[in-house]
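K.L.:
So the sequence shown is numbered by my numbering: it starts at -16 and just counts up by one.
Warning: the hint list may mix true and false statements.
Label pairs and their in silico Cβ distance ranges [what the hints assert, rightly or not]:
#: 1; residue 1: GLU84; residue 2: ALA20; range: 13 to 21 Å
#: 2; residue 1: PHE46; residue 2: ARG13; range: 43 to 51 Å
#: 3; residue 1: ARG(-6); residue 2: VAL33; range: 23 to 31 Å
#: 4; residue 1: ARG8; residue 2: VAL70; range: 54 to 62 Å
Note that these hints are calculated values from the structure, not bench results. Glycine included, C-beta positions come from ideal geometry on N, C-alpha and C.
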Amino acid sequence: MSGSDRPNRSRKRHQAALRRRRRHRRARIRRLRALRALVGLQFWTRAAVVLAIGVLVAFWAKFAFVYDIPDSLDSGTLAGVAAYVTVKPWWFGPPAFDLGETVQTVGDPYMTPLDALFQGLGRYAGVVEHPVFVWVLSR
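Whole structure, please, built from the sequences with the hints as guidance.
P.N.:
Dropping the structure here:
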């Protein structure tokens, strides 16, 4: 070999430079692999967040959580039920109904508690009249 093949002018220095270059290349490959793994982790994290938001929007759109059921409704399908999740007969209405609060806000003395509840719920009375149970919490 001539001196032009070895820019460092000796075999020892040339071998050391090659080892250094190899170490730098391996370190660069390790960094790229770590970056690819991180990008993959970011993708799956974002995908999980988007999925969670989608599930929450779907729950808000089509399901209702009904709680604080008064004793006047303790018959029929609502016997012994403290709270439940039901399918709403409409899309994108309120996601939670406090039936105890609904009964207390309507104060007409000539109504039965059940009629007052249905009047207080208005067009959303379907979650109590014909519930399609998804989840039930018993008393």
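K.L.:
Next step is simple, just say for each hint if it's right about the structure.
P.N.:
Taking the hints in turn, this is what the structure says about them:
1. GLU84 / ALA20: 13 to 21 Å: violated, 51 Å
2. PHE46 / ARG13: 43 to 51 Å: For PHE46 and ARG13 the Cβ distance comes to about 48 Å; the hint holds.
3. ARG(-6) / VAL33: 23 to 31 Å: Check failed, 58 Å falls outside 23 to 31 Å.
4. ARG8 / VAL70: 54 to 62 Å: holds, 60 Å
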